[in-house]
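Given chain A, put chain B in place with the hints provided.
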Amino acid sequence: MAVQESAAQLSMTLKVQEYPTLKVPYETLNKRFRAAQKNIDRETSHVTMVVAELEKTLSGCPAVDSVVSLLDGVVEKLSVLKRKAVESIQAEDESAKLCKRRIEHLKEHSSDQPAAASVWKRKRMDRMMVEHLLRCGYYNTAVKLARQSGIEDLVNIEMFLTAKEVEESLERRETATCLAWCHDNKSRLRKMKDLLDPARWRMLIQQFRYDNYRLHQLGNNSVFTLTLQAGLSAIKTPQCYKEDGSSKSPDCPVCSRSLNKLAQPLPMAHCANSRLVCKISGDVMNENNPPMMLPNGYVYGYNSLLSIRQDDKVVCPRTKEVFHFSQAEKVYIM
Amino acid sequence: MEQCACVERELDKVLQKFLTYGQHCERSLEELLHYVGQLRAELASAALQGTPLSATLSLVMSQCCRKIKDTVQKLASDHKDIHSSVSRVGKAIDRALSLLLRQNFDSEICGVVSDAVWDAREQQQQILQMAIVEHLYQQGMLSVAEELCQESTLNVDLDFKQPFLELNRILEALHEQDLGPALEWAVSHRQRLLELNSSLEFKLHRLHFIRLLAGGPAKQLEALSYARHFQPFARLHQREIQVMMGSLVYLRLGLEKSPYCHLLDSSHWAEICETFTRDACSLLGLSVESPLSVSFASGCVALPVLMNIKAVIEQRQCTGVWNHKDELPIEIELGMKCWYHSVFACPILRQQTSDSNPPIKLICGHVISRDALNKLINGGKLKCPYCPMEQNPADGKRIIF
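As they're listed, the protein sequences go chains A and B. Take the first sequence: its position 283, counting from 1, is numbered 283 in the numbering used here, and each next residue is one higher. Take the second sequence: its position 299, counting from 1, is numbered 1299 in the numbering used here, and each next residue is one higher.
FYI, nobody ran anything at the bench for these hints, they're computed from the structure. No residue lacks a Cβ here, since even glycine has one placed at the ideal position from N, Cα and C. Check the hints yourself; a few may be wrong.
Chain B is nowhere near these chain A residues, computed Cβ spacing over 10 Å in every case [claimed, not checked]:
hint: 1; residue: GLU152
hint: 2; residue: ALA163
hint: 3; residue: GLU167
hint: 4; residue: ASP211
hint: 5; residue: GLY245
hint: 6; residue: VAL277
hint: 7; residue: ASN303
hint: 8; residue: SER304
hint: 9; residue: SER307
hint: 10; residue: VAL315
hint: 11; residue: VAL322
Only pairs whose alpha carbons sit at most 27 Å apart, straight line, appear in this in silico DSS-like list of lysine-lysine [unchecked claim]:
hint: 12; chain 1: B; residue 1: LYS1067; chain 2: A; residue 2: LYS84
hint: 13; chain 1: B; residue 1: LYS1161; chain 2: B; residue 2: LYS1219
hint: 14; chain 1: A; residue 1: LYS330; chain 2: B; residue 2: LYS1017
hint: 15; chain 1: B; residue 1: LYS1017; chain 2: B; residue 2: LYS1067
hint: 16; chain 1: A; residue 1: LYS97; chain 2: B; residue 2: LYS1383
hint: 17; chain 1: A; residue 1: LYS82; chain 2: B; residue 2: LYS1397
hint: 18; chain 1: B; residue 1: LYS1017; chain 2: A; residue 2: LYS56
Isolated chain B, as found in the complex:
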C-alpha cells in the first residue's frame, strides 16, 4: 500500500533524527563536561587556593559560560526542530487510513448494519462471548478459552469441550513427536476415516518407521519388524511402501547422504499435524475454520464496501434508497466457497424469492417467482418470458431448492 509506505518513510526519517540528535546531544554534553571538568581541576589546584581569580582566568571562565549557554540552548532548539518530522508522521497516518470509520463514531455509522444492536442487550453480549469461547476451543487455544470462561462467568458444557480437549491432547503429543495417542485415535476411528478416504493411519505408521530409520543401523531389525504394519495398506500405498523399503539399503551409509534423504524432512511432522486436524474436524462435523473465523473474514470483505456505500448515500442525500433495514443495500462477493444456501433471485422482478413469493417452475422448465407469474397472466393464459411457450398459469409448479 502506497500510503503505508509513506508513513514508513516519515517514521524512518524521525528515527534517523532521534539517532543523530541523541548521539550529538550526548557527545556535546560530554565534551562540555570534560572541558568544564578540566577548568575546575585547574582552578582547584593547590597553587591557586585562597587567591583571587586572575584576569586571564576570568576571561577563560566567561568564554566557558558563553560556550555552555550556547551549547545547551542549541540542544533545546535542535530538539524542537524534530517536532515537524514527528507531526508529519501523524499526518501521513491520517492520510493513509480511512476517515470513514473514525469520523463517524459519534454518529454510530456502523449502524450501516444496525444501530448499536448488540449493545443494549446483555444477553447478546453473553452470546458473543460464548461464540468467542467456542472459537477458541476449536482453534486449540484451551487456556485462553478457560480464562475467558472465568472472566465472563460463562459455563461451557463438558459435552462441548470434550472432543476439543481430546484433540488438543493428541496434537500436543504430536508436537512432541509422540505418535502414540494419534495412532490410538486413528485405529479406533478406522472405519470412518476410511469412508473419508483418509490416509492418516498409514502416514502415522510411516512416520514411525522413518524415525526408526533415523536411528541408524542399530534400529534395522526394529524397523523391519515394524514394517509389517504396512501390510493392510499395501494396495493403496504401494509406491510409498516401496520407497521406504528401498531406503533400508542405505541404512548403514546413513540416510542423510542417500537419495532417500527427503524422508528425513522435518516438514513431515508439520504435515501430520495438519492432516490429523483436518481429518479429526471432518469426523466431528466441524470445518477447519471456525464459524467465527469465516464470519469475521466475511466482515473484512463487507466492511469497506458497506462504509463506502453509506458514505455515497449520505453524500448524495438519497437516504431513502436504502430504507429496509432488513437487507443490506449491496451485494457482497465472498466467493463460491461461501455459498451455503440456495438463493433464487427472480430474473423478472429482480427480487429474492421467499415463502410468501416462492419460485415456480413453468411447463417449459424455466423458473420465475410467483409474483412475476401473476404479473404475466394475460387473459387467463401465460407466456413464458424466455421460450415463449404459452401455458396455463395453474400448471406452474412450486419448487423448493
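Looking at chain A on its own, in the form it has when it is part of the complex:
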C-alpha cells in the first residue's frame, strides 16, 4: 500500500472515524431495551389485574365454575406475557450481538497478518463509502456495494432507509410516517431542544434530516468526505496545479483528472523538510542518487542521467536540449 499506517496510527484514526459504527447499533439496543421493559411492565400489569380480580372473587365464596373461568383468563395473560417477553428479549439480544460483531470487526485492525490488515483497510474504505452513498441518497448503490464487500452488518443501512421512508412520505405531503418516527424516538427527542415544526414541508424534510443526524450523533458531512478532504490536502502540492501541466505526476492522486478538480479549493500540504523526486524515474534523490543540475537549470537524479546517457550525451526530457554528461553539476540540499 502506498500510504504507511502504523498500528498506533490505525488506532488513532479509529477513535476519530468509528463513533457512528458503534453508537448507532447501541442506540438501537437502548431503544429495544426500553421497549422490552415497557412490554414486560404492561403484560405484567395485565396479569396482576386479572389475578386481583380472582383474589376479589375468592374473598366472596365463589362457585368453582367462576374460579375456573377466571383462571382461564390468568392462563391467557400469562401466555401473552411469556410470548412478549421472549420476543422482546430476542430483539434486545439481536441488537447486542450486532454491537458485538461490529466491535469484533474493529478489533481486527490490529491484526499481525499483513493480508488481514489490508483486507480490513479495504473494508474500512468501503464502509465509509457506503455511509456516504446513503447520505447522498444513492440507496441501491450503497446496498450493492455493502453486499459485494461483505460488510452489510457493519454499516447503518437500516437507519438511512428508515429516514428515506420518512422523507419520501413527507415529499408526498403525508405526516403519518414522520409522526410515527417522532413517537418512536420520542424519549430522545424530548431531551433535544428543538422539535419538528410541522408547518413548512421543504424545511420539514431538511429539519427532519438534521434532527435524525443529531439524534444519532452524526454530522452534516459524511466521514468519507471529511477523510477524503484531509487526505487530498495532505498530498496536494503547487506542482499539481501548474498551468502548463508540465509538473503533473502519473502516480500522484491529486494530479488525476477528477481529484484534481476536487482538491482545488483545499489547502496544500505543509512541508517543513525538502524531499526531491527525480522527474524521469520518480525515485527519491538523496545521497544514493544525488540531484544533478544540467546547464539549463533542470535537475535530475544521477542514476536517471546514467540510464538516459547515450554516447556520453544526455537529452533533457523537458526541454529536449542536448548536453554532455560531464556538464551535469552536483547540487547540495541541506
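Just chain B now, kept in the frame of chain A:
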C-alpha cells in the same frame, strides 16, 4: 485498543445477562403456567362442577395468586436491573471513541480543512461521485459502478470504461480457471510485457501444464505436447521448466504423493490473478491502488492529526497561528511512497519555494530560495551560509526540480 476491549467486556456482560434472564423468564413462566394449569384441571374435574369452592381450595388459590404476582413482578424488576449494564456499554463507547469528531459537528470543525467547501456547489458533488465511479471501475466492481451511474445520472465515456470491462472479463475467466482470455491478452501484449520484465505469459502456460498433470497419466501425452510452449522461455525460466518436466516422472504414482505436490497448490490460481492485475494495470498506466484509495488512506492518517491540532489551537486560543487557509498547519507523514512531487523547503527561511520565490543554486552547489539569497546580500556580495564561499549574487542560477 484498550478502550475497545472495555466496550467488548461490557457487551459480553450484557449478553450474558440477557441469556440468563431469558432462560429464567421462560422457565419460571412455564413452571407457573404448568402449576396454574394443574390447579385448573383439578378444579374443572367433574366432581367439583357446580359446587362452591372449598376452604382448602380457596387457600390454595390465594397462595397461587400470591405466587403469580410475586413471580411476574420479580421478572419485571429483574429486567429493569439489566438497564445499568446496558448504559455502561454506551458510556464505554463514549469513552473509547473520540469526542473530537462528533462534538464539533454543529460547528463544522471539519473545516479544519475547509468550511463545507464541497457542500454548496452541486458541481463538486458530481465530481466526487465521478471519482467514486472511476474508483469502482478500477476495483473491478462493475455492477456497483453501473448502479451509481444510474442513480446519480452520470455518464461515463466508453473510452474510459472499455479497458476495465476487458480486464474484468479476463479476471472473471481466471476465477473460473479459464486461462484462455488471459493467454490471448498476454500474447497480444507480449512486447510491452517483456519490457516490464513480466513473466505472465510463462506463468499462464505453466498453470495450464500443471492442470494437465493433475489429470493423471491419461493426460501425459497432452502435457508433453503442451510443453513445447515453454520453449521461448527456456532461458529465463530454466529452473522452473526443469521442475515441471521432472514431475512427469510421478504422473503414474500421482503428483499429490510426490515431492512435486506443491505444484498442485491452489494458491497458484490466486497468484495468477494478482500477477495479471498488476501487469495489466502497469500497461494501462494505472497504479493498483486507485487515486481515491490512496487519497482516502492518506486522509485516515491526516484526520486525527488535524483534529488534534485544531483542538490544541482552540484550547490555547491561538487561532491566529493558523490563518492562511491555503496550507495545512502541520506536516503529515505519509511515507516515501507518497512523495510524488519534489518539494524544496528553503533551509534558511523554512518556507516552500514557489514560482515567485524559486530555488537558486549558488556557485558552491548549495541551494537556497531567492528571498533568502536577497536577505544574505551584504555590500553587493554574498556569503554562502554553508561553505562559506563568497560569491556574486548574480552568479546564482535558478533551478527547476
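Hint by hint, here is what the structure shows:
1. GLU152: holds, 14 Å
2. ALA163: Check passes; 17 Å lies beyond 10 Å.
3. GLU167: Consistent with the label, GLU167/A stays out of reach of chain B, its closest Cβ about 16 Å off (over 10 Å).
4. ASP211: Per Cβ check, ASP211/A is outside 10 Å of chain B; nearest 12 Å; holds.
5. GLY245: holds, 13 Å
6. VAL277: violated, 5 Å
7. ASN303: ASN303/A clear of chain B: closest Cβ-Cβ about 16 Å, beyond 10 Å.
8. SER304: Non-interface label stands for SER304/A: nearest chain B Cβ at 13 Å, farther than 10 Å.
9. SER307: About 14 Å separates SER307/A from the closest Cβ of chain B, which puts it past 10 Å; holds.
10. VAL315: holds, 16 Å
11. VAL322: Check passes; 18 Å lies beyond 10 Å.
12. LYS1067/B <-> LYS84/A: This hinted pair holds, its Cα atoms lying about 20 Å apart.
13. LYS1161/B <-> LYS1219/B: violated, 40 Å
14. LYS330/A <-> LYS1017/B: violated, 73 Å
15. LYS1017/B <-> LYS1067/B: holds, 24 Å
16. LYS97/A <-> LYS1383/B: violated, 71 Å
17. LYS82/A <-> LYS1397/B: Roughly 89 Å between the alpha carbons, so the hint for LYS82/A and LYS1397/B is violated.
18. LYS1017/B <-> LYS56/A: Judged against 27 Å, a Cα distance of about 37 Å means the pair is violated.
Violated hints, in rising order: 6, 13, 14, 16, 17, 18; the structure is consistent with all others.
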